[in-house]
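Colleague: Letter by letter, the chains look like this.
2 protein chains.
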Amino acid sequence: MAKGVTPKSTDYNKWYTDVISKSQMADYGPVKGTMVIRPYGYGIWENVRDAFDSRFKATGHTNAYFPLFIPKSFLSKEAEHVEGFAKECAVVTHTRLKATEDGKAVVVDPASKLEEEIIVRPTSETIIWSMYKKWINSYRDLPLLINQWANVVRWEMRTRLFIRTSEFLWQEGHTAHSTKKEAIEETLKMLEVYREVAEDVLAIPVLTGLKSESEKFAGAVDTYCIEAMMGDKKALQAGTSHYLGQNFAKAFDVKYQDENNKEEYVYATSWGVSTRLIGAIIMAHGDDKGLRLPPAIAPIQVVVIPITRSDEDGEMVKSYLDPLIKSLKQNGIRVHIDDRKKMSPGFKFNEWEMKGVPIRLEVGPRDMKQHSVFLARRDTSEKFGVEIAGASSKIIDLLDEIQNNLFDQALAFREDNTFSVSSYDEFKSIVEKGGFIRCGWDGDAKTEEAVKAETKATIRVIPFDEKPEGLACIYSGKPAKHEVIFSKAY
Amino acid sequence: MAKGVTPKSTDYNKWYTDVISKSQMADYGPVKGTMVIRPYGYGIWENVRDAFDSRFKATGHTNAYFPLFIPKSFLSKEAEHVEGFAKECAVVTHTRLKATEDGKAVVVDPASKLEEEIIVRPTSETIIWSMYKKWINSYRDLPLLINQWANVVRWEMRTRLFIRTSEFLWQEGHTAHSTKKEAIEETLKMLEVYREVAEDVLAIPVLTGLKSESEKFAGAVDTYCIEAMMGDKKALQAGTSHYLGQNFAKAFDVKYQDENNKEEYVYATSWGVSTRLIGAIIMAHGDDKGLRLPPAIAPIQVVVIPITRSDEDGEMVKSYLDPLIKSLKQNGIRVHIDDRKKMSPGFKFNEWEMKGVPIRLEVGPRDMKQHSVFLARRDTSEKFGVEIAGASSKIIDLLDEIQNNLFDQALAFREDNTFSVSSYDEFKSIVEKGGFIRCGWDGDAKTEEAVKAETKATIRVIPFDEKPEGLACIYSGKPAKHEVIFSKAY
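Going line by line, the protein sequences match chains H and E. Taking my numbering as reference, the numbering of the first sequence is continuous, increasing by one, and the terminal residue is 485. Taking my numbering as reference, the numbering of the second sequence is continuous, increasing by one, and the terminal residue is 485.
Read the hints as simulated data drawn from the structure, not as lab findings. Please note: incorrect hints may appear among the correct ones.
Each pair may be met inside one copy or between any two copies, as identical chains are not told apart.
[Said to hold, decoys possible] Derived PhoX-like pairs: lysine-lysine, alpha-carbon spacing no greater than 20 angstroms straight-line: (1) K176 to K245; (2) K108 to K67; (3) K72 to K129; (4) K9 to K284; (5) K27 to K129; (6) K229 to K3; (7) K82 to K99; (8) K245 to K99; (9) K128 to K17; (10) K27 to K108; (11) K423 to K447; (12) K313 to K337; (13) K483 to K3; (14) K93 to K72; (15) K129 to K17; (16) K428 to K483; (17) K337 to K257; (18) K72 to K99; (19) K447 to K473; (20) K128 to K27.
Assemble the whole structure, with the sequences as input and the hints as a guide.
Modeller: Now the structure itself:
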């Protein structure tokens, strides 16, 4: 733990995995591509999850749980959906093991072969719409606003902890509406919830807008997204909200009777964010000392390190700090006291810096004499003493300040690395060195494909605030249909 | 919804499934044996889960997440474990689908066959201990107190919603300790957490004690349990806490170095409760009108039904109730106002009774004239008016009273149906009509087996408060080694 991480500038990928491993956030599991989320990483996920969950509930959604297993036949119902999504997935074919004759190993019992293979859900549209067919009959059953928190599986060859693993945790909202207008409003409402949590809770600035046809979710009419810049200037799709039109309603024959007894297919949305957001937090805020966590989601917001030479010192520091710690806890601040005996203060400092705790509070005999405590900010590395009398409210304010500062730093970084370009050559040189490029696009999928083939940059988002008027396409030179953001991406 | 359920006395199993279906708690999924937990059922589960989760955290545990997929080879490591547990499970053999030539269906791509088959976790001991091997080195790493909330899969032939489904949701705690003493203390501490939540939150009285050898978890040294009586006088195992000794530590070679640099295998526990508890709530408290939910876990604790003839009435009732509802919400009471227009009050009464809402609050113009509201208790069916001025605190007290009354009713039912017997003939006649039998057992597994074969009753628990002294075995007549509870069980 005391040893540092590979510097970002030396090897960004190595830095990323070093931070995860040394902060004890996650580990690879024994089956290739699977991930173990360790308690520290899971504590962050719980806070992220709760931030979303309370907002889903406040906007009228309820949680439910749908099965892990999907009949293979369901994936034939929405052809485009399968083509884009369900190809690489885990297939269950048998349901029993038996011991070998020597009793030393187990083998799959061939007699337990299933008639129809079962798919481990890569996403739940098909199974959920097979249930909605049973539940939706009349306009009185609409809107149906359901979310689920679940694990899903997509067989990935090139994995990366949190960002791309075979199994991951996520939430998927699936709603049904009587009108197109209402479904589109829902799609945008949930995108706004995503933006709010990303920016106000995770302190990650995001661009919002539409995906191009080639980047959208297979089976959606329109895919909206929040798109963030990581510390290596690459883009990360941090959440998507899909307007599905009547695609799944038609595939699963889900109609409702309106007030005049007329039958119509319902309109649908789906939207999801995942544990990938933890990867985004690491890459948006981390530095060469490790994680830097926004206070809103830090499992520990303030770590207290008593600097003591004897047990007696320890007791004195404890009673000195007691009222402050009580006050912080009463204000809902997550405080942890690190009074482990066999580790030096320096070791502890490094460990908690690695783990990204926003504020470190040190107290030793000298601070006590001065009626003060010593604070260190993880975001700026500033260190200063404050009087213990007013320390509680100082710390509460400081946490807010750190939250805002992390956002401001990430925003400044994105702005510093977002470019306008006047030629395709310039475009290529910027893609090479990294960053977002805001430029015109002629709206042709072939242009997009050509740029991707030549530079690996893709259209990350057609931002809501696009201004295509007067722009030319960076590749074809034709009049731009859209102003878009190009970048390499995770 | 307005139509009732099959009476318990007519057909208990039909009553059970009727209640689940009509209260919209759950549904079968498309793959045989899988379950969809609908929003109302999931809302109950969220409250149950939170009651446990806060207590796990208060006792020093943290949550983590381990992969769904286990290499088949892991299940050979703990032979007894496999024999008892992992035989009926879902086996993943392939990782890709492809479209048929006509593009109209999908088939499994034979080229994607895995070298080693993967098992969908039936429980996570093996995968967790494969990680503990990496994480545990020294006494400083102990105790390791981890819990996970997850889905698990056991291929079940005879399924029953909530009680036995192929996939279910649960929590599994897995802890590692440096001493046997500490591990046993942990096992019992978590059993006590289970007892507390079952009795104080779910209002279900439980017997606590040890399982017999034949009923214990394969791979455990000792299995402790909480055991409840359902409305049909059958037993339900509501939670188990296992002392695992060094079994998994040895299977996965997990040793720690003590303070004197001596290596030893660690000691382990595991403990779990599942969505089966929702089945227990239904069967412990439900009646012929449907669910009866303990207030502590009811998604809606008070349902408000305005009795109005016009929109104008509606507005008046609304402003009349506003301060009361505000006060209830401020006190953390979960209130729902059912102001749906096209349904009669009678229809709504039936629906909310079916859904087990503890208190119904009705208000019409007459109640307003009398400055009162009208309350109906779901547990006793009592109905009475109370002055609106003091209604908030009355309701809060009443919720406590209902919580206690449901527990008392269930306890009285269990006591009324727990019997001592003086002969095996009497034993058989009581097993036939249902109930718990408290009697002597000679401690021989063959006796247990014979009784099970003849009567279908099994030893549910060797209760902590057993008094075997002077008792004879109900079957063999030999001196009793234990006083035990026999019953038929789910």
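Colleague: A separate judgement is required for each hint: does it hold in the structure or not?
Modeller: Now for the hints, and whether the structure bears them out:
For the homomeric pair K176 and K245, the shortest alpha-carbon distance inside one copy (18 angstroms) is at most 20 angstroms, but the shortest distance between copies (61 angstroms) is not. Proximity of K108 to K67 under the C-alpha cut-off of 20 angstroms is found in both arrangements, the shortest distances being 14 angstroms within a copy and 16 angstroms between copies. For a Cα distance limit of 20 angstroms, the shortest separation of K72 from K129 inside one copy, 17 angstroms, qualifies, whereas the shortest one across copies, 44 angstroms, does not. In this homomeric assembly, K9 and K284 come within 20 angstroms of each other (Cα to Cα) only inside a single copy, at 14 angstroms, whereas the closest approach across copies is 62 angstroms.
Taking the closest pair of Cα atoms, K27 and K129 come within 20 angstroms of each other only across two copies (17 angstroms); inside a single copy the shortest separation is 38 angstroms, beyond that limit. Taking the shortest alpha-carbon separations for K229 and K3, only the intra-copy value of 14 angstroms comes in at or below 20 angstroms, while the best inter-copy value is 62 angstroms. Proximity of K82 and K99 under a CA criterion of 20 angstroms is satisfied inter-copy only: 14 angstroms between copies versus 35 angstroms inside one chain copy. For a Cα distance limit of 20 angstroms, the shortest separation of K245 from K99 across copies, 16 angstroms, qualifies, whereas the shortest one inside one copy, 51 angstroms, does not.
Taking the shortest alpha-carbon separations for K128 and K17, only the inter-copy value of 17 angstroms comes in at or below 20 angstroms, while the best intra-copy value is 48 angstroms. Taking CA atoms no more than 20 angstroms apart as the test, K27 paired with K108 passes between copies only; the shortest distance there is 14 angstroms, against 24 angstroms inside one copy. For the identical chains of this complex, K423 and K447 are intra-copy neighbours only, at 11 angstroms inside a copy versus 77 angstroms across copies, given an alpha-carbon limit of 20 angstroms. For a Cα distance limit of 20 angstroms, the shortest separation of K313 from K337 inside one copy, 18 angstroms, qualifies, whereas the shortest one across copies, 63 angstroms, does not.
When the C-alpha separation of K483 and K3 is checked against a cutoff of 20 angstroms, the pair qualifies only within one copy, where the shortest distance is 18 angstroms, while the shortest distance between copies is 63 angstroms. Only between protomers do K93 and K72 lie at most 20 angstroms apart by alpha-carbon distance; the minimum there is 14 angstroms, versus 35 angstroms within a single protomer. When the C-alpha separation of K129 and K17 is checked against a cutoff of 20 angstroms, the pair qualifies only between copies, where the shortest distance is 13 angstroms, while the shortest distance within a copy is 49 angstroms. When the C-alpha separation of K428 and K483 is checked against a cutoff of 20 angstroms, the pair qualifies only within one copy, where the shortest distance is 10 angstroms, while the shortest distance between copies is 71 angstroms.
Proximity of K337 and K257 under a CA criterion of 20 angstroms is satisfied inter-copy only: 18 angstroms between copies versus 75 angstroms inside one chain copy. For a Cα distance limit of 20 angstroms, the shortest separation of K72 from K99 across copies, 9 angstroms, qualifies, whereas the shortest one inside one copy, 43 angstroms, does not. For a Cα distance limit of 20 angstroms, the shortest separation of K447 from K473 inside one copy, 18 angstroms, qualifies, whereas the shortest one across copies, 83 angstroms, does not. Proximity of K128 to K27 under the C-alpha cut-off of 20 angstroms is restricted to the inter-copy arrangement: shortest distance 18 angstroms between copies versus 37 angstroms within a copy.
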